[in-house]
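Residues 80 to 213 in the numbering used here are what the sequence shown spells out, letter by letter.
Think of the hints as simulated: they come from the structure by calculation, not from any bench.
Values in this document were obtained by computation on a predicted structure and should not be read as measured data.
Glycine residues also receive a C-beta, built at the ideal position from the N, C-alpha and C atoms.
Some hints here could point you the wrong way.
Stated by the list, open to error - Listed next, with one range per pair, are the computed distances between beta-carbon atoms: (1) Val138 <-> Val212: 20 to 28 Å; (2) Asp162 <-> Glu110: 15 to 23 Å; (3) Leu106 <-> Ser183: 27 to 35 Å.
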Amino acid sequence: MSKKLLCAGDDGKISFGDHTLESKAKLDDFEYGGNIWKVKTFKTMTKLEKNGMFVYESVPGTSVYDFHEAEEGLSFTVEGAEDAQITAELAEDTEYEVFIANESIGTMKTNLSGKLTLSVELAGAGHVPVRIVK
Numbered sequence: 080m081s082k083k084l085l086c087a088g089d090d091g092k093i094s095f096g097d098h099t100l101e102s103k104a105k106l107d108d109f110e111y112g113g114n115i116w117k118v119k120t121f122k123t124m125t126k127l128e129k130n131g132m133f134v135y136e137s138v139p140g141t142s143v144y145d146f147h148e149a150e151e152g153l154s155f156t157v158e159g160a161e162d163a164q165i166t167a168e169l170a171e172d173t174e175y176e177v178f179i180a181n182e183s184i185g186t187m188k189t190n191l192s193g194k195l196t197l198s199v200e201l202a203g204a205g206h207v208p209v210r211i212v213k
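Required output: the full structure, derived from the provided sequences and hints.
Quick look at the structure:
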C-alpha cells in the first residue's frame, strides 16, 4: 500500500490505515462517494469515520485494503503486525455470517448500536480477507 492514510479506487472501494506508523497520524475531510471520511491510524489503533459516524476500528492498528460497504454487509482485506480486534458498524440487531481468510467462522449478531466485534489472526499472515454478510 502506498503510504497515503486514505485512498479511493474507481471501484467504490477505499483503502486506509497504516499499522507501521510509530506516531499518530490522521486525515480529515476526505471527500469520496458523496461522503466525508476521516481516518486516524498508527501501530496501536486504526479508526475510520464516515460523515462523523463510526465505521471501523482495530486494536492494534491495521492497514485495510479494498474496504467496501454494501446493503448485505462489508468486505475488506486487512494486514497487521499482530492479531487484531476489529469492530465494524453494520445494521443494528442483525445476524451476519463472518468469513475470515475465505472460511466461515460462523454467525454473529450485532448489538443494538449495530457494532460487531471480531478477532483476526494477523501475525505473520500477510493480507487476510474478511467478509461479513447478512
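How the hints compare with the structure:
1. Between Val138 and Val212 the beta carbons are some 24 Å apart, a value that agrees with the proposed interval 20 to 28 Å.
2. The hinted range of 15 to 23 Å is not satisfied by Asp162 and Glu110, whose Cβ atoms lie roughly 33 Å apart.
3. One distance hint, 27 to 35 Å for the beta-carbon pair Leu106 and Ser183, holds here, with the actual separation near 34 Å.
Of the numbered hints stated above, the single one contradicted by the structure is hint 2.
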